[in-house]
Amino acid sequence: MPLTKSWPPQGAPKCPTSFHASKSSIFRRLFGANVATVRKEPWKRHRRVVGPAFSKKLYLSVWKESMQTFRDMVDVEGWDKKQSVTVSALGDLTAKFTINIIASCAFDFHSPWPGSIAKLRQGLSLRECLTVVVEGFPLCLLTPRWVYLLPIRALKRLDIAFNTTFSLLRAQIALRREKIASEEVTGGETQGKDAIFNSIVKANIDGGKFAFDEEEVIGNTFLMLFAGHETASRTLSAMLTLLALYGEEQDKVYQEIKRTLPGGRDPTFEDLESFIQTRKCIQETMRLYPPVTLLVREVIHDTQLNVTNKATDGASYSVALKKGARVVCNVVAIHRNPRHFPDPDAFKPSRWDDNDSDDSVGTDAFLGFGQGPRACIGRKFALAEMTCFVAMLLRDWRVEVDLAEGESPQQWQRRVMTDTASGLRAMGPLSVRFVTREAR
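Heads up: the sequence shown at position 313 corresponds to 1069 in my numbering, and the numbers run straight through without jumps.
No lab work stands behind these hints, which were simulated from the structure alone. A portion of the hints provided could be inaccurate.
As the list claims (entries may be wrong) - Simulated restraints on C-beta separations:
hint : residue 1 : residue 2 : range
1    : E1029     : R933      : 46 to 54 Å
2    : D1007     : T899      : 29 to 37 Å
3    : D1058     : K800      : 45 to 53 Å
4    : L1050     : A930      : 44 to 52 Å
5    : K837      : K965      : 30 to 38 Å
6    : R926      : K813      : 36 to 44 Å
7    : S1074     : R901      : 43 to 51 Å
8    : D1109     : G1162     : 29 to 37 Å
9    : R1021     : E970      : 43 to 51 Å
10   : A845      : T899      : 52 to 60 Å
11   : K800      : Q1011     : 54 to 62 Å
12   : S1074     : R1189     : 49 to 57 Å
13   : I908      : L931      : 43 to 51 Å
14   : P1165     : Q824      : 54 to 62 Å
Stated by the list, open to error - As a list, the in silico DSS-like pairs of lysine-lysine whose alpha-carbon atoms are at most 27 Å apart:
hint : residue 1 : residue 2
15   : K1014     : K912
16   : K796      : K852
17   : K813      : K852
18   : K1014     : K837
19   : K838      : K958
20   : K1136     : K852
21   : K958      : K812
22   : K935      : K1008
23   : K935      : K820
24   : K796      : K1014
25   : K837      : K813
26   : K1079     : K1104
27   : K958      : K820
Values in this document were obtained by computation on a predicted structure and should not be read as measured data. Quick reminder that beta carbons are idealized off the backbone N, C-alpha and C, glycines included.
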């Protein structure tokens, strides 16, 4: 099958009706069919089952759980007794937070902080298992089963993580079937907390036109659990680090929080639309460090794609794409294209000033949550938990980083947050310091 790579791309294709998600998915082979990997009519069926669970009741639950988890974190970590807290690996902290939210709100796997890092098997937590599985899936595809019998530590760790993750998912699915069958979950409850899990499992129990088979139940459960925390966790850690580097941008977010929360009151879900500056920072972080670095689409009918070539002083030419060809969109290059984003390597939330609507990102070149009908189904879920976390944190704390002598924020960023080609996953530990507002 022919492959066309958009490099250097001039933005997302302007003919979305000509493209579908690619039918060949290595994720599907390992993790099962789900709403992100299927296409055409099966995708409509998956979306029909999963989509209704993403409702206002769910988002209210996300906000409430985010508030409680943040309070538990501050209490258990002893932050309320300190004026300064050093976090050596910010990504680990945000990952514990976000996995607790998705596990509780989507699947009812609730545990108080720091229960989210409880070890499941041989020293691995659920979050660690998910990370090892996803990072190691290319190896799973290339190696036969007998290889895992060899005394190689990395292979043993991957095998344990894979088996532990899917054993847990199967056990939880079985328990939820029993719960639904015994009518402990009512129709009204499925529209609030744990609505996503209920919808997935009920599609397997009820049968009919929109039924899920066992593979689809496991596939969608894994997708929601992993994607539901990974994007938010990595975006949060990168955003807070960028705000620490660029204090003037952090001050703008803090002033917005003070205006929105007079007297230092707690934020509510109704405040979400008021955190405009916070949302701009989230979008700008996802532009610089997109959670997904490549998008693969299949051409569903012959079409022409107009491309601007920088090497020929901006001259345009057409690329003929035949039905069945795959198009790879390099999201990092699109997001760093100066044609769409002037001064593309700079952290400038102000570039989103004309985009104060929660429903639009303002440019087709922004692919942080995908684009078109297959855009991220959990976008508002992620925005709610990230916004709540930032509002609670920056209301009471200022984020700082230690620059080397004579080092600029831009130099620190290039040194520590350098590998954009591999997305946020390639970053080393992001070390920051939280200082109470009273201590300054």
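Hints, verified against the model:
{"no.": "1", "hint": "E1029 x R933: 46 to 54 Å", "in the structure": "violated (38 Å)"}
{"no.": "2", "hint": "D1007 x T899: 29 to 37 Å", "in the structure": "violated (51 Å)"}
{"no.": "3", "hint": "D1058 x K800: 45 to 53 Å", "in the structure": "violated (24 Å)"}
{"no.": "4", "hint": "L1050 x A930: 44 to 52 Å", "in the structure": "violated (35 Å)"}
{"no.": "5", "hint": "K837 x K965: 30 to 38 Å", "in the structure": "violated (57 Å)"}
{"no.": "6", "hint": "R926 x K813: 36 to 44 Å", "in the structure": "violated (28 Å)"}
{"no.": "7", "hint": "S1074 x R901: 43 to 51 Å", "in the structure": "holds (48 Å)"}
{"no.": "8", "hint": "D1109 x G1162: 29 to 37 Å", "in the structure": "holds (33 Å)"}
{"no.": "9", "hint": "R1021 x E970: 43 to 51 Å", "in the structure": "holds (47 Å)"}
{"no.": "10", "hint": "A845 x T899: 52 to 60 Å", "in the structure": "violated (30 Å)"}
{"no.": "11", "hint": "K800 x Q1011: 54 to 62 Å", "in the structure": "violated (45 Å)"}
{"no.": "12", "hint": "S1074 x R1189: 49 to 57 Å", "in the structure": "holds (53 Å)"}
{"no.": "13", "hint": "I908 x L931: 43 to 51 Å", "in the structure": "violated (34 Å)"}
{"no.": "14", "hint": "P1165 x Q824: 54 to 62 Å", "in the structure": "violated (34 Å)"}
{"no.": "15", "hint": "K1014 x K912", "in the structure": "violated (50 Å)"}
{"no.": "16", "hint": "K796 x K852", "in the structure": "violated (35 Å)"}
{"no.": "17", "hint": "K813 x K852", "in the structure": "holds (23 Å)"}
{"no.": "18", "hint": "K1014 x K837", "in the structure": "holds (23 Å)"}
{"no.": "19", "hint": "K838 x K958", "in the structure": "violated (47 Å)"}
{"no.": "20", "hint": "K1136 x K852", "in the structure": "holds (20 Å)"}
{"no.": "21", "hint": "K958 x K812", "in the structure": "holds (20 Å)"}
{"no.": "22", "hint": "K935 x K1008", "in the structure": "violated (47 Å)"}
{"no.": "23", "hint": "K935 x K820", "in the structure": "holds (24 Å)"}
{"no.": "24", "hint": "K796 x K1014", "in the structure": "violated (47 Å)"}
{"no.": "25", "hint": "K837 x K813", "in the structure": "violated (35 Å)"}
{"no.": "26", "hint": "K1079 x K1104", "in the structure": "violated (39 Å)"}
{"no.": "27", "hint": "K958 x K820", "in the structure": "holds (25 Å)"}
Against the hints set out earlier in the document, violations occur for numbers 1, 2, 3, 4, 5, 6, 10, 11, 13, 14, 15, 16, 19, 22, 24, 25 and 26.
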